[in-house]
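As a plain string of letters, each chain reads:
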Amino acid sequence: MTSNVVGLFHDPESALTAAGQLKGAGFESLEIMSPVPIHGVEEVLGKKKSVIKNFTFMGALIGGISGFALAAGTAIAWPHPVGGRPIITMPPFLIITYELTILFGILATVLGFFISSRLPAFRNRVYVPESAVDKFVVTAPCDDAEHFKRAEAILNDAGAEQVREIGGSDL
Amino acid sequence: MHRPMTTETFKLGYNDIHDDVIRSIVKTGPKYYIALATAGGTTLLCFFFPWFYQLYYGIGAAGMNHPGVWGTYLASFIFWIGLSHSGTLLSCVLHLTNSSWRKAMYRSAEAMTLFSLVVAATYVMVHVGRPWFIHWAVPYPNQMELWPNFRSPLMFDVMAIATYITGSTIFIYMGSIPDFAAVRDRTSGWRNTMYTLLSLGWRGTDKEWHRLHWAYTFLAVLIIPLAVSVHSIVSWDFAMSIVPSLHQTIFAPYFVVGAIYSGTAGIVTVMFVLRKSMGFEQYITKLHFDNLGKLLLVLSLIWTYINGVELFTAWYSGTSEEYEALNYKLFGYYSWLYWEMIIFCAVLPMLMFSTRFRTSFVPMLILSIAINIGMYTERFLIIATSLSRQYLPDAWGTYVPSPVEISIMLGSFALFTTLFLVFVKIFPSVSMYEVKETMATPKMEPAAPAAGSPA
Amino acid sequence: MSLFSRFMDGWRKYRKPGYYDEFDYHWTMTIDLDKCTGCEACVTACQAENNIPIVGEEEIAKGREMQWIRVERYWEGEYPNAKLSFIPMMCQHCDAAPCETVCPVGATYHNQDGLNTQIYNRCIGTRACAVYCPYEVRYFNYYDHEWDSPLEQQLNPEVTVRGKGVMEKCTFCIQRIREAKDVAKDDDRRRVQDGDVQPACVQSCPSKALVFGDRKDTESQVYQSMNDPRNYRVLDELNTDSSVFYLKKVDA
Numbered sequence: 103m104t105s106n107v108v109g110l111f112h113d114p115e116s117a118l119t120a121a122g123q124l125k126g127a128g129f130e131s132l133e134i135m136s137p138v139p140i141h142g143v144e145e146v147l148g149k150k151k152s153v154i155k156n157f158t159f160m161g162a163l164i165g166g167i168s169g170f171a172l173a174a175g176t177a178i179a180w181p182h183p184v185g186g187r188p189i190i191t192m193p194p195f196l197i198i199t200y201e202l203t204i205l206f207g208i209l210a211t212v213l214g215f216f217i218s219s220r221l222p223a224f225r226n227r228v229y230v231p232e233s234a235v236d237k238f239v240v241t242a243p244c245d246d247a248e249h250f251k252r253a254e255a256i257l258n259d260a261g262a263e264q265v266r267e268i269g270g271s272d273l
Numbered sequence: 010m011h012r013p014m015t016t017e018t019f020k021l022g023y024n025d026i027h028d029d030v031i032r033s034i035v036k037t038g039p040k041y042y043i044a045l046a047t048a049g050g051t052t053l054l055c056f057f058f059p060w061f062y063q064l065y066y067g068i069g070a071a072g073m074n075h076p077g078v079w080g081t082y083l084a085s086f087i088f089w090i091g092l093s094h095s096g097t098l099l100s101c102v103l104h105l106t107n108s109s110w111r112k113a114m115y116r117s118a119e120a121m122t123l124f125s126l127v128v129a130a131t132y133v134m135v136h137v138g139r140p141w142f143i144h145w146a147v148p149y150p151n152q153m154e155l156w157p158n159f160r161s162p163l164m165f166d167v168m169a170i171a172t173y174i175t176g177s178t179i180f181i182y183m184g185s186i187p188d189f190a191a192v193r194d195r196t197s198g199w200r201n202t203m204y205t206l207l208s209l210g211w212r213g214t215d216k217e218w219h220r221l222h223w224a225y226t227f228l229a230v231l232i233i234p235l236a237v238s239v240h241s242i243v244s245w246d247f248a249m250s251i252v253p254s255l256h257q258t259i260f261a262p263y264f265v266v267g268a269i270y271s272g273t274a275g276i277v278t279v280m281f282v283l284r285k286s287m288g289f290e291q292y293i294t295k296l297h298f299d300n301l302g303k304l305l306l307v308l309s310l311i312w313t314y315i316n317g318v319e320l321f322t323a324w325y326s327g328t329s330e331e332y333e334a335l336n337y338k339l340f341g342y343y344s345w346l347y348w349e350m351i352i353f354c355a356v357l358p359m360l361m362f363s364t365r366f367r368t369s370f371v372p373m374l375i376l377s378i379a380i381n382i383g384m385y386t387e388r389f390l391i392i393a394t395s396l397s398r399q400y401l402p403d404a405w406g407t408y409v410p411s412p413v414e415i416s417i418m419l420g421s422f423a424l425f426t427t428l429f430l431v432f433v434k435i436f437p438s439v440s441m442y443e444v445k446e447t448m449a450t451p452k453m454e455p456a457a458p459a460a461g462s463p464a
Numbered sequence: 007m008s009l010f011s012r013f014m015d016g017w018r019k020y021r022k023p024g025y026y027d028e029f030d031y032h033w034t035m036t037i038d039l040d041k042c043t044g045c046e047a048c049v050t051a052c053q054a055e056n057n058i059p060i061v062g063e064e065e066i067a068k069g070r071e072m073q074w075i076r077v078e079r080y081w082e083g084e085y086p087n088a089k090l091s092f093i094p095m096m097c098q099h100c101d102a103a104p105c106e107t108v109c110p111v112g113a114t115y116h117n118q119d120g121l122n123t124q125i126y127n128r129c130i131g132t133r134a135c136a137v138y139c140p141y142e143v144r145y146f147n148y149y150d151h152e153w154d155s156p157l158e159q160q161l162n163p164e165v166t167v168r169g170k171g172v173m174e175k176c177t178f179c180i181q182r183i184r185e186a187k188d189v190a191k192d193d194d195r196r197r198v199q200d201g202d203v204q205p206a207c208v209q210s211c212p213s214k215a216l217v218f219g220d221r222k223d224t225e226s227q228v229y230q231s232m233n234d235p236r237n238y239r240v241l242d243e244l245n246t247d248s249s250v251f252y253l254k255k256v257d258a
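Chains as they are written, first to last, in our numbering: chain A, 103 to 273; chain B, 10 to 464; chain C, 7 to 258.
Isolated chain A, as found in the complex (with noise of 0.2 Å):
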């Protein structure tokens, strides 16, 4: 039977400590929902790094490469003389070069977004809606029972206003 454990916090010092004892008891897949972004979690639950940023340079780099080929690419499929300039202009096609860059970095953003924080996910999951208005919650899947039993001490020993219980069945 897999259950998980979680705690409701008044204030983010606390929830971050008591996350501290559950991954020192030996806790593992550690989560921390707040209201707000709050400060120090990776001190806790370690580094993060987010893949975003190379989503963004490919999208900007493959929306760089496309812009100037889609301007280019046309200009030269179907020649067109236009106030004696050369057919492939280069000035103007950079602006659209510029364009397409930053649009495909925008859109490659995103999708960097959603692939990394595995959004978006409409399957039930660990969720207490207080944590979106002024709880701090911790959680952490438990084994069995006993598991339990140790992360619900660890929890109230850091000053929980409250610990549930989210169940296999309840998800």
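By construction, these hints were calculated from the structure, which means they are not laboratory data.
What you are looking at is a predicted structure, and each value in this text was computed from that prediction instead of being measured.
Ideal Cβ positions, reconstructed from N, Cα and C, are used throughout, including at glycine.
Check the hints yourself; a few may be wrong.
[Stated by the list, open to error] Covered stretches of chain B, going by a simulated chain C footprint (3 or more residues, C-beta under 8 Å): (1) 76-88; (2) 135-146.
[Stated by the list, open to error] Covered stretches of chain B, as calculated for chain C (at least 3 residues, CB under 8 Å): (3) 378-385; (4) 395-406.
[Claimed, not checked] Straight line, CA to CA, 30 Å or less: simulated DSSO-like cross-link-like pairs of lysine-lysine: (5) K216/B x K251/A; (6) K151/A x K434/B; (7) K295/B x K434/B; (8) K155/A x K216/B; (9) K150/A x K216/B; (10) K222/C x K22/C; (11) K125/A x K149/A; (12) K191/C x K170/C; (13) K191/C x K41/C; (14) K149/A x K216/B; (15) K295/B x K125/A.
We have chain A; now place chains B and C onto it with these hints.
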């Protein structure tokens, strides 16, 4: 730039913000419906009805004539694009510089960006002679094997504005995901379904906050150069022509500064209205008006300087065309509009040197509206005076807007208002999590009782 | 492979300007202002040949006249000593035309005859070309024009009738050039000879002030007259490289 908001904000708890913002979405009084019906009706009557008449009759329904082939439609287009410049752009700059005072107002500022862009894009269709073929200006593979002309400044516009609309939509949406999640938990019925879909299953975990922070930062970094490029490109529609008094290198910075100027003034107007009508007195405070006032003052001074440069360049060129255009601008048919613009945009904003003026709400509202009237005049004059006095004196003429044009111009404000009214009932118009961030985080107090757990 | 090599071929070929040196023809007009009497026969002939709509009194008052060629009048001095000069002004068919670059859909471009062409059914009516044209010779159809009966009977079948929302301008009577080229092709594939083709304005000019022909043919009449010492081009300082030359003896 980290400054506490005001003392009264500190008294509020996380819960109060929640209640206030959700109330603004869920509780709808008769006043709102009256406002929506009035705005929607005006849009229909003043915007769409004259436009359909013009579609049927031809662009001759507007006042454009032979030298003045561009008119108020294009002026309105620039105006709306300009108004869009303070929302997302300002929001990005303030996000990157970590200015906390932005947080209460940026959501509605970004919405302003988005809806101004929508209105501006509609104006493109109102402006062209055959809007039913407008898709030819979009690059897509087609059976004619014809592609648009990427050398045209108008084509840069198409690309830039399409990118800008996409970017601003994504930016406002990304910033709202946590708030949609918060609203999702407090609503029921169709609203719950809508917010469940909009929030994408957001839970507010440490990982999600981390990813959102970085994605948001990268978006801000991308959108700042984009916003600057958009209005530069709009200015090149004019500056890349060889019309005297339009063919100037100062035009790109001139337009960008003018855009941010009128956009910031627009934000002051919208802030005032939101503050009064939605009961956000505690979130939108004197501090915001003070800071926006300082920004407006700086922009006004830059704008005045660039105007001086424009006059000097025309005089210094020593060519008869430029002299004639300059003379016509200052003393010709439209000169009273020119001096009106100088008073509204260069002289009156000097009042903002006084702190007392900046922190009084009603005078700031009046000034912000005056600035935007002046800025609309500026865009109209750029088109009307320049086109009226070009190279060949035989083709000189004057252009006067027709009733259809004036009606569409007024109707576009109603269109904007309608869109905004719909927005405030769907989006949390004050960013909850970011206002919470500006407040003191709850401190360890062991015996604190749970403050009414929400459903 | 083939797409990429096509791209590279095009890249090498199209990086340089000045491709108009390779045009088949280079149609040019000269206007001798010393011969022009300002009779406006060219304006009328153009109106009849090219189905230019009659916009009516009201529209003229709004400043929406339609005349692909107009005779500009400039007065110098006060009444007793007044001096009047004329310049017939039509599309200058610039080789470096500002109007062509600005069209977002490519409705106006330079064709193989060195003509600045306007494609009516591609035009979306942004009117940017009319702003960019320093000669102000582009005219816009503000609405669908009608010809009062029986005037619709005299419409030229060779020329399209333009609908609302479309820009139009002088074409150097491209329908006549096309016809001359067809005739030349049928006749042993020779080039169009000097004098084979004349636009309506040139044909109707009573004082022979207007001369039209191919600049590439050094024997042609237009080549002789465009090298006349009196020649100048209107607004030449804008570097539009126009194809209409004016001849005028400068008063000392």
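Now for the hints, and whether the structure bears them out:
Check on the stretch 76-88 of chain B: 4 of its residues sit with their Cβ under 8 Å from a Cβ of chain C, so the three-residue criterion for coverage holds. Only when three residues or more bring their CB closer than 8 Å to a CB of chain C does the claim for the stretch 135-146 of chain B stand; here the count is 9, and the claim holds. Look at the stretch 378-385 of chain B against chain C: 0 of its residues bring a Cβ nearer than 8 Å to a Cβ of that chain, fewer than three, so the hint is violated. For the stretch 395-406 of chain B, the proposed coverage by chain C is satisfied: 8 residues have a C-beta within less than 8 Å of a C-beta in that chain, meeting the threshold of three.
Distance hint between K216/B and K251/A is fulfilled; the C-alpha atoms sit about 26 Å from each other, no more than 30 Å. A hinted pair counts as satisfied when its Cα atoms are at most 30 Å apart, and K151/A with K434/B does not qualify at roughly 37 Å. Restraint check: the Cα-Cα separation between K295/B and K434/B comes to about 25 Å, which is no more than 30 Å; the hinted pair holds. With a C-alpha separation of about 15 Å, the suggested pairing of K155/A with K216/B holds against the 30 Å cut-off.
For the hint linking K150/A to K216/B, the alpha-carbon distance of about 8 Å falls within 30 Å, and the restraint holds. Our distance criterion of 30 Å between C-alpha atoms is met by K222/C and K22/C, whose separation comes to about 21 Å. For the given pair, K125/A sits about 14 Å from K149/A by alpha-carbon distance, which is consistent with the 30 Å threshold. Between K191/C and K170/C, the direct Cα distance comes to roughly 36 Å. Violation of the 30 Å bound is thereby established for this hinted pair.
At roughly 35 Å between alpha-carbon atoms, K191/C and K41/C are farther apart than 30 Å, so this suggested pair is violated. Between the alpha carbons of K149/A and K216/B the distance comes to roughly 11 Å, so the proposed pair stays at or under 30 Å and holds. Distance hint between K295/B and K125/A is unfulfilled; the C-alpha atoms sit about 46 Å from each other, more than 30 Å.
The structure fails to meet hints 3, 6, 12, 13 and 15 from the earlier list, while all remaining hints are met.
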